[in-house]
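S.K.: Just so you know, the sequences run in chain order L, S and Y.
Okay, so the first sequence: first residue is 2 according to my numbering, each after it adds one.
Okay, so the second sequence: first residue is 3 according to my numbering, each after it adds one.
Okay, so the third sequence: first residue is 44 according to my numbering, each after it adds one.
Errors might be hidden in some of the hints.
Here are the simulated SDA-like pairs of lysine to any residue, each with C-alpha atoms no more than 20 Å apart in a straight line [stated by the list, open to error]: (1) Y:455 / S:12; (2) L:151 / Y:356; (3) Y:104 / S:85; (4) L:151 / S:43; (5) L:227 / S:109; (6) Y:104 / S:73; (7) Y:356 / S:58; (8) S:111 / Y:95; (9) L:150 / Y:440; (10) L:150 / Y:444; (11) L:151 / Y:401; (12) S:111 / Y:205; (13) L:151 / Y:433; (14) L:150 / Y:205; (15) S:128 / L:237; (16) Y:239 / S:110; (17) S:111 / L:208; (18) Y:92 / S:109; (19) Y:435 / L:324; (20) L:151 / Y:392; (21) S:128 / L:569; (22) L:227 / S:136; (23) L:228 / S:85; (24) S:13 / L:231; (25) L:320 / Y:433; (26) S:128 / L:221; (27) Y:156 / Y:95; (28) L:151 / Y:395; (29) L:264 / L:559; (30) S:13 / L:221; (31) Y:455 / S:58; (32) Y:64 / S:65; (33) Y:92 / S:106.
Chain Y side only, calculated, beta carbon under 7 Å to chain S, not exhaustive [as the list claims (entries may be wrong)]: (34) 335; (35) 401; (36) 419.
Listed next, with one range per pair, are the computed distances between beta-carbon atoms [as the list claims (entries may be wrong)]: (37) L:411 / Y:322: 53 to 59 Å; (38) L:17 / Y:240: 39 to 45 Å; (39) Y:240 / S:86: 29 to 35 Å; (40) Y:404 / S:140: 32 to 38 Å.
No lab work stands behind these hints: they were computed from the structure.
Idealized CB from N, CA, C, for every residue including glycine.
Given next are the chains, with one letter for each unit.
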Amino acid sequence: MAWTKQVLRVNLTAGTCVAEPLNMDWAKDYLGQRGLATKYLVNEIDPKVDPLADGNKLIFVTGPLTGTMAATGGRYSVVTKGPLTNAIACSNSGGFFGAELKFAGWDMVIFEGTSPKPVYLLINDGTAELVDAAHLWGKTVWETEEVIKKQHQDPQIRVASIGRAGENKVLFAGIVNDLHRAAGRSGVGAVMGSKNLKAVAVRGTLTSAYQIANPEAFFTAVDAGKKVLAGNGVTGVGLPTYGTQVLMNVINELGALPTRNHKDTQFESANSIGGEAMHEKRETDGKANLVTNGACFGCTIACGRISRMDPGHFSVKDKPQYHGASGGLEYEAAWALGAANGVKDLEALTYANFLCNEDGYDPISFGATVGAAMELYELGILTEAEVGLKLTWGSAEALVTLAEWTAKGEGFGVAIGQGSKRLCAKYGRPELSMSVKGQEFPAYDGRALQGMGLAYATSNRGACHLRGYMVSPEVLGIPVKMEPQATEGKPAMLKAFQDLTAVVDSSGLCLFTTFAWGLQDIQPQIQAACEGDWSDDRLLLIGERIWNMEREFNLAAGITGKDDTLPPRLLNEPANSGPQKGAVARLDIMMPEYYQVRGWSADGVPTDATRTRLGL
Amino acid sequence: MQKSLHLDPNKCTGCLQCEMACAWENHRSFTIAKSRIKVFTFHEPGRFVPYTCTQCDEAWCMMACPTDAIRLDPVTGAKVVLEPSCVGCKVCTIACPFGTINYVSDTGKVQKCDLCVGASGPACEKACPTGAITYVDADWTGLDKMRQWAGKTDTNPATV
Amino acid sequence: MRHLIVGSGPAGVVAAETLRKADPAAEITILCGEGEAPYSRMAIPYLLKGDIPEAGTHLRKEPGHYDRLRIVLVKAQAQSVDTAARTVALSSGSSLPYDRLLIATGSRPSLEKIPGIDLPGVHACWTLADARAILEKAKPGARVVQMGAGFVGCIIMEGLLSRGVDLTILVRSGYMVRRMMNPTASGLLRSWCEAKGVKILTHTQPKGLTSVDGVLQVDLGEGRILPADFYLSAVGVDPNLGFLAGSGIEIRQGIVVDPNQQSSVPGVYAAGDVAESVDCLTGQRGVNAIQPNAVEQGRIAALNMAGRPAAFKGSLVFNVLTTLGLVSSSFGLWEGVPGGESTEVVDPSHWRYLNLQFDGERLVGANSVGFTNHVGALRGLIEGRVKLGVWKARLMQDPTQVMQAYLGAAQKLG
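This is chain L alone, in the form it adopts within the complex:
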């Protein structure tokens, strides 16, 4: 069986680490990772709990394909109630940490309570201990990882930790593993900080913690899957060459690149901050921003960017610690740090991105919040005296300074660290927060792509591109081409994407495989790894069950169908340029149909029939 069937329960209040068997009945109904940990969470916490209070729990979880030769089989997720949204939070990360956790013999680590003092969890195969982290508190992710590996004298230890952002409870603080891979969104790092948990360090060397049910079938399916990834234009060429940044110019030309806090839908300097720009040699030092591409564990796509800054750039010229290569810009980060603020300085974006990794905060929410602040500034609502900076559109200096302040919890960075919803509300302009349920949009305009608009409005963790990636049909034609402005068929397509995504997020695989893979590629890998029947129908039912379970948690937390909406700007202000000029988001047409295909009532509550069908 591809589960270790072992859960590590860590009570931070009592300082205890106890092993317990995984609930295999739940594994059969929720697969693993996102689904399974969410089942544990909703079963164990009060949905109305303050996310940063003692009663919240934080779960690190792997999937059955994590730590296997399945391409991209290295994912883990962090599941908790999110402080940015007050909704279910599930942030997914790659790198090498997840596989190591599995090699150490654990499917899941559940943190409960609050440690009286800063600690980190050290897992060495079957042994786990809480170690004093007084010397690490106040340190960055990068320092923390280095110190832990050095202290325990094992460069192979994998570390997931929070930086100062998580300690300071920045509401969009993430958890960073392997220096620049992150469970980035929804503030899971703030929850970790609230528990005085600095890091989780893992070394796994067990050879029989879990088994592949049918190795022969598994390798057949896995090899076939790898061939599909290698032969696909997106996963075989586009992503390895340009990373997700392959999208920057595509989305901009389509008129779907939100710019300057969604005032515009095209960025005149998109070409300066995209994947192609990262390949170009700089005039200053003759070197390209991009050094190489790098893979997460077991990933045959290798979309990750490894970048090196221009050492003469204003942001780092006296800071040699940023002159080495590190995790470079992905599309969402480049958009949020760049187009969302009108900043076109690739090096400044790279530096801000380094800081997001170094101190553990989400570049999407950070960049979008800076965008909101800039609009407030341009409107005269925020002043230079109040901010300590000129927040003019496109100011690279403002971006990097706010990034530094947010990392350190200094100055106006404290306000930025509360996210755009709280920032805009504080200054009396809540409608300027480009967010849903408190979480900022990523890099696709919800007017320009009607399906993405619906995906944002209905996402269980607030605005998110990773809960139903309608960009696939609306831009890339996967699995079928749907016109961006069409509304017909989109609710049903979105439901299918949401359910399939929940399956992928519960398997240990990376969602990016679905640029090339369909269920027909994924199902045989799960089937061969896991004992029992894992048919297409059963997997999709699991996906739908997970979606509805998350929905019910959010409803119980006080979030209703009224929150399934978009900011007025997207509903009322037409896109102002490009192919989608004139578009507004047509939730009015799509939402009732969406609720219907979901089997929900008109106010967005799963009906009894739906609940019964899904076994909820």
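Please arrange chains S and Y on chain L, whose structure you already have, making use of the hints.
M.R.: Coordinates of chains S and Y only, in the frame set by chain L:
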């Protein structure tokens, strides 16, 4: 013709499929701690360096072994650990100046790359998705070649 | 050409095999002084543990190996060497002529010079015969007093404890393995052993031994007596050189050899624990009694004996020790050099330690406890006298980056 593993850092993305393949071949497990080939990440230059035994002519490990547990495979030229003869004294692990023979505490034996003796070519080579690991004629390898490659450009994305 | 090799340890056997390759027509004879098949002392701890049978200690496992290589094994001790006549007198009364002679007689335990050291129940742990005697007596509950916690004293502990004995270790100095480990590393080993139930008495050495009703009484002075069912002496070893008296071969700490492993008498070579050669780091002469050194010297000597000039590059002091499962190692000038720098990291609660010693931009020594992965790279860096460049500062900051430093600085791959 004897063949050797040719490891090209410029093509490596650090995905560790090779490590899993090696661990599976030898331990029926994906646990990369048990792999005989390791990919070392050099963060500062942004470089992934796969490395394993070069089957060197000096055969420091084989010479140092006090129990005749490391033998030369006449077909591949690999130096092969014979587990039943290995007592786990670890002398080879300090004798190998390349650091590529290591002690495995749960078996109580040492292990090193044996080019997958008995199989149809090294598992790591088959698993590598980028061609960073190839199995080539023996005269196209060795340390001098490794040094040559090392001098190559460092701004060369592995898959472009 | 008649090649005679005195001693059947690793140096002797490798020399014989090298000779056969280099000189297919030669006559090759090895004298096996203990009357055993050539075996490895390094394997004895695993024999005591019960991991292997006696045959598991044999240096070569293939049946008929020596016959196939036409290497004649003669079970006899050398009594004396007549370098003028080119003969070696044997314990059997006969003598053997040679054209080239290799002395590879290794070491013998140096028993402490106290009354009662010759009593029954007192053993060294060096030879197969010693091991057989210990196996016979190491019954569950047997009280064992062991003098010495050097390399041998430590490496046999696991075998002894696995047989259920009640073990007390006497250490003359304050530190275990003080010839190989600095005080911090030594302290970790001690706490590890004590956590495993071994009693360790430092600054303690017996005044004498007596026997009362078959039970040894170990007199620690000041009225302290430890009863023991048997007593193990593990205080060190000396080169086996007695039979060379009057041979004219120059001996200081060991047989003085040149880079070809040739002694002061042409045609007479020495390798292994009996040879005094040059340290590759310090240039100073000394005996370096470790297995890899013995093997390399045996190989070099054999090539020269066969008329193929080869030079020993100097010996590096390095060793790896497993003490009740805890692996430690030492390399080169682990005590440091005047004006050198050092760095270390210690994790006492997990018994892990790594200390590096630098001379300028070169690594010259290391001590480790619990650090095993890619540990050979320490040899590569030290013996290769690799200029560390930027890796010096990185290792100073984080010594665990040893393999990275090796790949980066020695292989130019980083």
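S.K.: None of the hints should be skipped; say for each whether it holds.
M.R.: Hint by hint, here is what the structure shows:
Annotation: proposed proximity of residue 455 of chain Y to residue 12 of chain S holds, straight-line Cα distance about 13 Å (limit 20 Å). Note on residue 151 of chain L and residue 356 of chain Y: the hinted pairing is violated, with a Cα-Cα distance of about 34 Å set against a maximum of 20 Å. As the CA atoms of residue 104 of chain Y and residue 85 of chain S are separated by approximately 13 Å, the hinted pair is consistent with the 20 Å bound. For a cut-off of 20 Å, the pair hint linking residue 151 of chain L to residue 43 of chain S stands: about 16 Å separates their Cα positions.
Distance restraint check for residue 227 of chain L and residue 109 of chain S: the Cα-Cα separation of roughly 32 Å exceeds the 20 Å cut-off, and the hinted pair is therefore not satisfied. The hinted pair formed by residue 104 of chain Y and residue 73 of chain S meets the criterion: a straight-line CA distance of about 11 Å does not exceed 20 Å. A threshold of 20 Å between alpha carbons decides the hint, and for residue 356 of chain Y with residue 58 of chain S the separation of about 18 Å falls inside it, so the pair holds. Taking the CA atoms of residue 111 of chain S and residue 95 of chain Y, the gap is near 13 Å; set against the 20 Å cutoff, the hint holds.
Restraint check for residue 150 of chain L and residue 440 of chain Y: satisfied, since their Cα atoms lie roughly 12 Å apart, inside the 20 Å limit. A threshold of 20 Å between alpha carbons decides the hint, and for residue 150 of chain L with residue 444 of chain Y the separation of about 10 Å falls inside it, so the pair holds. For the hint linking residue 151 of chain L to residue 401 of chain Y, the alpha-carbon distance of about 19 Å falls within 20 Å, and the restraint holds. Using a Cα cut-off of 20 Å, the hinted pair residue 111 of chain S and residue 205 of chain Y holds, with the two alpha carbons roughly 18 Å apart.
Proposed proximity of residue 151 of chain L and residue 433 of chain Y is supported: the alpha carbons are some 18 Å apart, at most 20 Å. At most 20 Å may separate the alpha-carbon atoms for a hinted pair to count; residue 150 of chain L and residue 205 of chain Y exceed this at roughly 33 Å. Our distance criterion of 20 Å between C-alpha atoms is met by residue 128 of chain S and residue 237 of chain L, whose separation comes to about 18 Å. At most 20 Å may separate the alpha-carbon atoms for a hinted pair to count; residue 239 of chain Y and residue 110 of chain S meet this at roughly 19 Å.
In summary, the hint linking residue 111 of chain S to residue 208 of chain L is supported, as the alpha carbons are separated by about 15 Å, within the 20 Å threshold. The suggested pairing of residue 92 of chain Y with residue 109 of chain S holds, with an alpha-carbon distance near 15 Å, which does not exceed 20 Å. Taken as a hint, the residue 435 of chain Y and residue 324 of chain L pair is honoured in the structure, with Cα atoms around 19 Å apart against an allowance of 20 Å. For a cut-off of 20 Å, the pair hint linking residue 151 of chain L to residue 392 of chain Y stands: about 14 Å separates their Cα positions.
For the given pair, residue 128 of chain S sits about 54 Å from residue 569 of chain L by alpha-carbon distance, which is inconsistent with the 20 Å threshold. For the proposed pair residue 227 of chain L and residue 136 of chain S, the alpha carbon gap of about 18 Å is at most 20 Å, so the pair holds. Only pairs whose Cα atoms come within 20 Å are accepted, and residue 228 of chain L paired with residue 85 of chain S is rejected, the gap being roughly 36 Å. Straight-line distance between C-alpha atoms of residue 13 of chain S and residue 231 of chain L comes to about 15 Å, which keeps the hinted pair within the 20 Å bound.
Between residue 320 of chain L and residue 433 of chain Y the CA atoms are separated by roughly 18 Å; this keeps the pair inside 20 Å, and the hint holds. With a CA separation close to 14 Å, the supplied pair residue 128 of chain S and residue 221 of chain L stays within the 20 Å bound. For the hint linking residue 156 of chain Y to residue 95 of chain Y, the alpha-carbon distance of about 33 Å lies beyond 20 Å, and the restraint is violated. For a cut-off of 20 Å, the pair hint linking residue 151 of chain L to residue 395 of chain Y stands: about 11 Å separates their Cα positions.
Between residue 264 of chain L and residue 559 of chain L the alpha-carbon distance is near 31 Å, which puts this suggested pair outside the 20 Å criterion. Annotation: proposed proximity of residue 13 of chain S to residue 221 of chain L is violated, straight-line Cα distance about 25 Å (limit 20 Å). For the proposed pair residue 455 of chain Y and residue 58 of chain S, the alpha carbon gap of about 18 Å is at most 20 Å, so the pair holds. Taken as a hint, the residue 64 of chain Y and residue 65 of chain S pair is honoured in the structure, with Cα atoms around 15 Å apart against an allowance of 20 Å.
Distance check on the hinted pair: residue 92 of chain Y and residue 106 of chain S sit about 18 Å apart at the alpha-carbon level, within 20 Å; holds. Hint status for residue 335 of chain Y: holds, given a least beta-carbon distance of 4 Å to chain S, under 7 Å. At a threshold of 7 Å, the smallest CB-CB gap from residue 401 of chain Y to chain S is about 18 Å, leaving the interface hint violated. With 7 Å as the threshold, the beta carbon of residue 419 of chain Y comes within range of chain S, its nearest partner Cβ sitting at about 4 Å, so the hint holds.
At roughly 56 Å, the beta-carbon separation of residue 411 of chain L and residue 322 of chain Y lies within the given 53 to 59 Å, and the hint holds. As the Cβ distance of residue 17 of chain L to residue 240 of chain Y is approximately 27 Å, the hint placing it in 39 to 45 Å is violated. In this structure the supplied range 29 to 35 Å holds for residue 240 of chain Y paired with residue 86 of chain S, their Cβ-Cβ distance being about 31 Å. Look at residue 404 of chain Y against residue 140 of chain S: about 34 Å separates their beta carbons, and that is inside 32 to 38 Å.
Violated hints, in rising order: 2, 5, 14, 21, 23, 27, 29, 30, 35 and 38; the structure is consistent with all others.
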